[in-house]
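There are 2 protein chains.
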Amino acid sequence: MTDFSRTRSLFYLPEGVIYLDGNSLGPLPLAARERVARLMTDEWGGLLIKGWNKAGWMTMPRRIGDRVGKLIGAAEGTVVMGDTLSIKVYQALASALELVPDRKIILSDSGNFPSDLYMAQGLIGSLGNGHELRIVEPEEVETAIDATVAVLMLTEVDYRTGRLHDMKALTGKAHAAGAVTVWDLAHSAGALPVDLAGAGADFAVGCTYKYLNGGPGAPAFIYVAPHHADNVRPALSGWLGHQAPFTFDLGYRPGGGIDRMRVGTPPILGLAALDAALDAWEGVDMTEVRRQSIRLCDLFVAEVEKRCPALRLGSPRDGGKRGSQISFLHEEGYAIMQALIARGVIGDFRAPDAIRFGFTPLYIGERDVLKAVDILDDIMANRLWDVPEYRQRALVT
Amino acid sequence: MTDFSRTRSLFYLPEGVIYLDGNSLGPLPLAARERVARLMTDEWGGLLIKGWNKAGWMTMPRRIGDRVGKLIGAAEGTVVMGDTLSIKVYQALASALELVPDRKIILSDSGNFPSDLYMAQGLIGSLGNGHELRIVEPEEVETAIDATVAVLMLTEVDYRTGRLHDMKALTGKAHAAGAVTVWDLAHSAGALPVDLAGAGADFAVGCTYKYLNGGPGAPAFIYVAPHHADNVRPALSGWLGHQAPFTFDLGYRPGGGIDRMRVGTPPILGLAALDAALDAWEGVDMTEVRRQSIRLCDLFVAEVEKRCPALRLGSPRDGGKRGSQISFLHEEGYAIMQALIARGVIGDFRAPDAIRFGFTPLYIGERDVLKAVDILDDIMANRLWDVPEYRQRALVT
Chain A
1 MTDFSRTRSL
11 FYLPEGVIYL
21 DGNSLGPLPL
31 AARERVARLM
41 TDEWGGLLIK
51 GWNKAGWMTM
61 PRRIGDRVGK
71 LIGAAEGTVV
81 MGDTLSIKVY
91 QALASALELV
101 PDRKIILSDS
111 GNFPSDLYMA
121 QGLIGSLGNG
131 HELRIVEPEE
141 VETAIDATVA
151 VLMLTEVDYR
161 TGRLHDMKAL
171 TGKAHAAGAV
181 TVWDLAHSAG
191 ALPVDLAGAG
201 ADFAVGCTYK
211 YLNGGPGAPA
221 FIYVAPHHAD
231 NVRPALSGWL
241 GHQAPFTFDL
251 GYRPGGGIDR
261 MRVGTPPILG
271 LAALDAALDA
281 WEGVDMTEVR
291 RQSIRLCDLF
301 VAEVEKRCPA
311 LRLGSPRDGG
321 KRGSQISFLH
331 EEGYAIMQAL
341 IARGVIGDFR
351 APDAIRFGFT
361 PLYIGERDVL
371 KAVDILDDIM
381 ANRLWDVPEY
391 RQRALVT
Chain B
1 MTDFSRTRSL
11 FYLPEGVIYL
21 DGNSLGPLPL
31 AARERVARLM
41 TDEWGGLLIK
51 GWNKAGWMTM
61 PRRIGDRVGK
71 LIGAAEGTVV
81 MGDTLSIKVY
91 QALASALELV
101 PDRKIILSDS
111 GNFPSDLYMA
121 QGLIGSLGNG
131 HELRIVEPEE
141 VETAIDATVA
151 VLMLTEVDYR
161 TGRLHDMKAL
171 TGKAHAAGAV
181 TVWDLAHSAG
191 ALPVDLAGAG
201 ADFAVGCTYK
211 YLNGGPGAPA
221 FIYVAPHHAD
231 NVRPALSGWL
241 GHQAPFTFDL
251 GYRPGGGIDR
261 MRVGTPPILG
271 LAALDAALDA
281 WEGVDMTEVR
291 RQSIRLCDLF
301 VAEVEKRCPA
311 LRLGSPRDGG
321 KRGSQISFLH
331 EEGYAIMQAL
341 IARGVIGDFR
351 APDAIRFGFT
361 PLYIGERDVL
371 KAVDILDDIM
381 ANRLWDVPEY
391 RQRALVT
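Line by line, the protein sequences give chains A and B.
For the first sequence, the working numbering assigns the number 1 to the initial residue and increments by one for each residue that follows.
For the second sequence, the working numbering assigns the number 1 to the initial residue and increments by one for each residue that follows.
What the hints contain is simulated information worked out from the structure, not anything from laboratory work.
It is possible that some hints are incorrect.
Dumping the calculated DSS-like pairs for lysine-lysine here, alpha-carbon to alpha-carbon at most 27 Å [what the hints assert, rightly or not]:
#, chain 1, residue 1, chain 2, residue 2
1, A, Lys104, A, Lys173
2, B, Lys321, B, Lys371
3, A, Lys306, A, Lys371
4, B, Lys321, B, Lys173
5, B, Lys54, A, Lys50
6, A, Lys371, B, Lys54
7, B, Lys104, A, Lys104
8, B, Lys321, B, Lys168
9, A, Lys104, A, Lys168
10, B, Lys173, B, Lys306
11, B, Lys173, B, Lys104
12, A, Lys50, A, Lys173
13, A, Lys54, B, Lys371
14, B, Lys54, B, Lys70
15, A, Lys371, B, Lys168
Values in this document were obtained by computation on a predicted structure and should not be read as measured data.
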């Protein structure tokens, strides 16, 4: 039985803050602070260059990849850390396309995170070979999978609405049509049970600064199904993906399996923080996280709909059909969110009109949900959002 | 007048260690430790998601890029931080090739860092358009530049020997032949004066964990000459290179100038450490760093040649023709370096036979050089390297 009061004690949450934005940036795990301090002083400071061997820096991408793999149904040796999610999308998509050389269509949907679409557009421009990015609405994906599709590239949980794709069903349909799949797990990893192996996913990528609490700009991960891993050509063929990086050959020879998806020198500060952050998952049952997440989301929806009629639900009502976040829509969403933040309820805003709230059982409970609704109710009932300063948009929304 | 005793006091150097490997990983700046601790507690911990605006995280890649730019002769707004050096090589090369669409040759040399060559090979594989990587010997580069060359891609300072290319002359020759240039400054930035604008360089890239002391896996940088910056197509077109990332458009529109070379969410822990590390350069005159570096290198060469005849110089003898490192060659180089490290003299080994020593005036002085030679002399004269344990190769050499 997962003890959520224990997991809550592992995070630093400022006094007076109800943090409903862990779907964007998870809060600081106390262990990460300690781990990074130790890295700075004892490892970088004390070991200097020897840290690569003696502190195990060089093997962190694989070792931590295995830890992430456990949370997403990936076997040992199939996940590696590094770079950013956008770079990992590019790698996965470039390799995936070469597995289906006779087809030109990349199928995605308008609920995919824009950077995934942009990376596809950039890759298509480089390939110069007639590839096409076909973007349909999320509910049209299933019927759009046909024998022209080379790669089905989707984010499992929609960043705006929380809508959840059926990874297993869509992967099966893609395979039946002769396509391969690239799944973005940005809003899935740490939010709900993911079973990459069970779903037969070909490639998957994700970030670790959301539900995995790795810190701002924490390293991304990539998964390649074992039956593909030794066959794919890495488009971003960096030295740490080489079979023998320290022989300094002039010609690239890909490393075995997932190693070839490594590129450059790994970001050790970020990896150390993430490594410690992952400790929070020891003894945590993801099915219990999922059950509690749905309970918190359902409670939030019910209370907001009862008390704030001006807000329209922007997420699926059925808990089984969404991730761990809830969006409500309002044309003054931006200002409403600023008013909430000023009162200590931190969520975020996604253009054009969504206010987004993430519910993360590791550190958020029912009391937080009810208190957040009290404050939201007060703001809506008394139009506390209707002040000019809350309409001034910041660089990052 | 640069005060090198002041700069030395800014770094943590363990008792009993003579650190001659700052050309691989710079030592810990005390300010970086403080800065990262503050980032963890006050910013990530205290500000949570608000750190992106309130702590200026989102603008760090440009702000720190300008700080690096000052050290490499780049105007404000022409350098941006992010990713790893290998990724930045790919970006620069992909954009450079599209500026010369009618030519297929990428000219490089065998002294380039292998990852740069590997990234070129990976890009060529994706382009599938008949491009060719032509690798010549370093001394043949000048004569190999002809009207078939699309891009001249070189590392200014050879990672093995320290040999220094003449960036201005080779760039001029490349331009005269109708080619564009990509310069890797991994062993130049912070080691010697670099004048990208004066040399007319088109693209430049580099890492920051060597002479810039940004920490293990610190973020890389990319420079694009102002007259190219608004014209190049970013192959790695991530959301933070978009003109307006937070409008979440489905189509990519490149940001203005150097911004389009941003890709994904920036690695804030690494950027914070680097930002603090760059403080060490305030009040430092790079021409004095260069003069002192040559003095230290010359002293090392003279003393080693006098006392250790079994070691053969693997670097240019003329200080003006090398970077800030010295290599000596010996077939038992690996074991010799292990023996040195066991005695507190930290350099490194590069296959097949080079022992490498970096000389970094910010924290290394004449006394360190002489003491290091004493220990090397003892090891060579008494064959202290000749024990089995020093021959066992570690993962990272």
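Status of the hints after comparison with the structure:
no.	hint	verdict
1	A/Lys104 x A/Lys173	18 Å, holds
2	B/Lys321 x B/Lys371	26 Å, holds
3	A/Lys306 x A/Lys371	15 Å, holds
4	B/Lys321 x B/Lys173	19 Å, holds
5	B/Lys54 x A/Lys50	36 Å, violated
6	A/Lys371 x B/Lys54	25 Å, holds
7	B/Lys104 x A/Lys104	25 Å, holds
8	B/Lys321 x B/Lys168	14 Å, holds
9	A/Lys104 x A/Lys168	23 Å, holds
10	B/Lys173 x B/Lys306	40 Å, violated
11	B/Lys173 x B/Lys104	18 Å, holds
12	A/Lys50 x A/Lys173	49 Å, violated
13	A/Lys54 x B/Lys371	25 Å, holds
14	B/Lys54 x B/Lys70	26 Å, holds
15	A/Lys371 x B/Lys168	64 Å, violated
Of the numbered hints stated above, those contradicted by the structure are hints 5, 10, 12 and 15, listed in ascending order.
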